[in-house]
Structures are given as structure tokens and as C-alpha cells.
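As a plain string of letters, each chain reads:
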Amino acid sequence: MDIKQSEILEAAEKNFSVLNLGPTHPATHGIFQNILKMDGEIVMEAESTIGYIHRAFEKIAERRPYNQITTLTDRLNYCSSPINNMAWHMTVEKLINAEIPKRAQYLRVIIMELARIADHIICDTVIAVDTGAATGYFHLFQYREMIYEIYEEVCGARLTTNIGRIGGLERDFSPKAWEKLRKFMSTFPAALKEFDKLVTRNRIFMDRTIGVGCVSKEMAMKYSFSGPNMRAAGIDYDVRAMNPYSSYEDFEFDIPVGLAEL
Amino acid sequence: MIVSELGQYIQDKIVAKFGEGTSKLEIHYDFPVLIVSKSLVYDLLDFLKNDESLAFNYLTTMCGAHYPNAHTEMEFGLMYQLHNFENNNRVRIKVFMPKSDLNMKSMTPLWPAANWMEREAYDFYGFIFSGHPNLKRILNMDDMNYHPMRKEYPLEDATRHDKEDKYFGR
Numbered sequence: 075m076d077i078k079q080s081e082i083l084e085a086a087e088k089n090f091s092v093l094n095l096g097p098t099h100p101a102t103h104g105i106f107q108n109i110l111k112m113d114g115e116i117v118m119e120a121e122s123t124i125g126y127i128h129r130a131f132e133k134i135a136e137r138r139p140y141n142q143i144t145t146l147t148d149r150l151n152y153c154s155s156p157i158n159n160m161a162w163h164m165t166v167e168k169l170i171n172a173e174i175p176k177r178a179q180y181l182r183v184i185i186m187e188l189a190r191i192a193d194h195i196i197c198d199t200v201i202a203v204d205t206g207a208a209t210g211y212f213h214l215f216q217y218r219e220m221i222y223e224i225y226e227e228v229c230g231a232r233l234t235t236n237i238g239r240i241g242g243l244e245r246d247f248s249p250k251a252w253e254k255l256r257k258f259m260s261t262f263p264a265a266l267k268e269f270d271k272l273v274t275r276n277r278i279f280m281d282r283t284i285g286v287g288c289v290s291k292e293m294a295m296k297y298s299f300s301g302p303n304m305r306a307a308g309i310d311y312d313v314r315a316m317n318p319y320s321s322y323e324d325f326e327f328d329i330p331v332g333l334a335e336l
Numbered sequence: 374m375i376v377s378e379l380g381q382y383i384q385d386k387i388v389a390k391f392g393e394g395t396s397k398l399e400i401h402y403d404f405p406v407l408i409v410s411k412s413l414v415y416d417l418l419d420f421l422k423n424d425e426s427l428a429f430n431y432l433t434t435m436c437g438a439h440y441p442n443a444h445t446e447m448e449f450g451l452m453y454q455l456h457n458f459e460n461n462n463r464v465r466i467k468v469f470m471p472k473s474d475l476n477m478k479s480m481t482p483l484w485p486a487a488n489w490m491e492r493e494a495y496d497f498y499g500f501i502f503s504g505h506p507n508l509k510r511i512l513n514m515d516d517m518n519y520h521p522m523r524k525e526y527p528l529e530d531a532t533r534h535d536k537e538d539k540y541f542g543r
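Sequences listed follow chains A and B, in order.
Read in order, the letters of the first sequence correspond to residues 75 to 336 in this note's numbering.
Read in order, the letters of the second sequence correspond to residues 374 to 543 in this note's numbering.
Hint data in this document are derived by calculation from the structure and do not stem from the laboratory.
Honestly, I wouldn't trust all of these hints.
[Claimed, not checked] Heads up, incomplete: computed chain A residues facing chain B, CB under 8 Å, no partners named:
hint: 1; residue: I124
hint: 2; residue: G125
hint: 3; residue: H128
hint: 4; residue: I134
hint: 5; residue: E136
hint: 6; residue: K168
hint: 7; residue: R190
hint: 8; residue: M295
hint: 9; residue: S298
hint: 10; residue: Y311
hint: 11; residue: M316
hint: 12; residue: Y319
Quantities reported herein were computed from a predicted structural model and do not represent experimental measurements.
Backbone N, C-alpha and C fix where the C-beta goes; we use that ideal spot for every residue, glycine too.
With the sequences and hints as input, model every part of the structure.
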């Protein structure tokens, strides 16, 4: 790509090596290529190509009615499809100036928070797998399965949910859905605690993550980090608290923020 | 601060700095939107970022747009969305230009995050950002010879023969 022959030679002279990681590599969890300049095991520079799975959703959406675009948003991040669905619904609702019943807003919050938990289960367990601890992954994935069963009860689908409709929800939660929700809520906190004990203070996990790829507050601001990555860098901003949508202002919740100083 | 008040406040600051008629204020839903002239954009964003009372120091997003039915002078547009975390204020800056002149100053000196965003606007709409450190396609393949998000490019590739209607239930 952009690293030229002369640069490879120069790198060799300085004892750097050039490694072509990807487009497909088990550790990238998706298709993208990195040409890395390495000093031993440490990455000095990287040239990324991120375009391999661009699917032109904007172009496809140009010719579709609003309610057919929801299915595209499922696939933006299939680890938390419902949140993407809701973001799309709320965008259209703002456009057509629709008011959503309070109950639908609260049900949406429940679905979005379940999706958030499911997504965090994937991220947190998979980083454990990548650093060599697979047990916690299998343990917590049972609970992700429980969340998917709740989705199934609400909308009929598991992964690409197409949940909700512009203007509200397709249907109220069934008694079965509430039952599954209660079961999840009563068992998940203990499992999460167990996972935390299993992984977070694990020596191997700590050695492989602490001090690796640190991002300072200033860097996070300059590079427009957002969401959990931004909070991990120490910026206490959460859109649910600062610019609430879907009645988030009615709920009380704590937001974890990274404290490490670089 | 109420959106309209915030918009007016920013508008007044800009008028005081750059003069009358340099920006037009519109309120779109819960966002103040300022439409500014092309030659001013870089200095204006620099001002919005570094002025102490405005301090819009976070570039939330930036994107291109194509309005094929608009007046030729307004056919292409760029939108910058800025955020001030301290006061939790948000603003959008829009700039329009004709197809014949898609040059724009790169915002990478102000926000490194603009690097990939501008590469995307170049890739999909053909905007040229002067001063960009690495202006090449980001999502499409390098040897693509058009900018696919412009409205004149149809959804499906008209040159393909393997997509016969009968196979797709049409």
C-alpha cells in the first residue's frame, strides 16, 4: 500500500519489521487490513484499510421508504441492532414531528439497555478471549442468549431485530417477555460479578492490557472519540444523561468513567 | 440555553468578528444551523473552537451532501457538527458550493479527526481538501473512477448483465 520498498529497507536497517495483518485475521473481528511497522512486538505505525465491508447503506436508503430502512440499521452494528433501530425511528419521528407514548418510550429504554448489555458482554468477553481467557466468555454468553430470547419474545427475531416501528413499538411486551426479563435481571448481576472476579484481576489479563494502547483525554477529544471509548479515556460525557432521548431523563443511573492519568 | 438563543448568541459573535452578512442562522429541530460562505469556513471554525466563550472544541461529525435539484451555486454541501462539552452546546455549520469548485480547506490542523471524515467526503462526493496530509479513498477501492454517493449514480450498476429481473422477482 503506502509503505514503499525504500521504507521497508529502511525499517529493516533499523531492525523494524513490516507485518501485513489482515484483511482477514482472527484478532481483528471483522475484515480490515493493517500494514504494521513493528519494533519486536510493539506496533510503531500502522496503515489501515477499512473499506472491505462497506455496504453503501446510504445509497440503498436513497430509494426506500422510511420504514424499510430500519432493516438496514440492524446491520450497522449487529451486536446491538435494537439501539440502531431506535436511533433510526427517533430520527424519522423528529423529522415528522411525531410524539411517542410514554409507555413506548420506557419499553424502548428497556430494549436499548438490554442491547447495551448484550453488546458489552460481547466486547468484554471477547477481549478476554483474545488475551487468553475463554472461560468467562462461555459463561457470560449464556446471558447474552437470555437477552436474545427476550428480543425474540418482543419482536420475533434474535440478531437482526428490526424492533420497534416509527411512532412507537410494534406490540406491547407479552407476559412471557416480562417473565424472561425478570429471570435475566435476577440472575445476571451475580454472573457479571463472577466474570469480573475471573478476568479483571487476572494476572495474565492485566499484563496484556494495562498500559497497552493508552489514549489520553486530549487525544480522545482531538480524534473525536465517542461512547465508552471516550469515557474510558476519562471524559465524563454520556449522551443519555447530557442530551436525553426517549425519556432517559426519568431514570437514575451511574456512568462509569476511566480515572487513570497518563 | 434554549436553541434559538444559543443560535443567536453564536450568530452575534460571528457578526462581531467577521462582519455583517457572513452567516445565516436557521433553527432545524433542536439544532442551531449556521450557513456560511465558503471562503470563511476555516477561520470561522477556528474561531468557534478557540474563542473562550464559544469553545466548540469537539468535532462530532462532518459529511458531504449532494442536492442535484438545488441552484447550481448550492449543488454540493459540507456539514460540520461541533460540540462544546463544558456547556453542552451543539451547533452545525453548513457550506454550499457549485460542482465546478469542490475545493475546501482541510480541517485536520484543527481536529485530527477530520482526516478520515474528509477522506470519506472525497471518496464519496469528490470534495478536494487542500492541506490534507493523505487525501485518498478510504472505503472504496483505489482505482474507482467516480464518486458513488453523488445522486447521478444509480443504485444498481447498469453494466451488469447477471442481474436479470426474472431472478429477482421483478
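Legend entry - Hints that the structure is at odds with (numbers, increasing): Checked against the structure, the hints that fail are numbers 7, 12, while the rest are satisfied.
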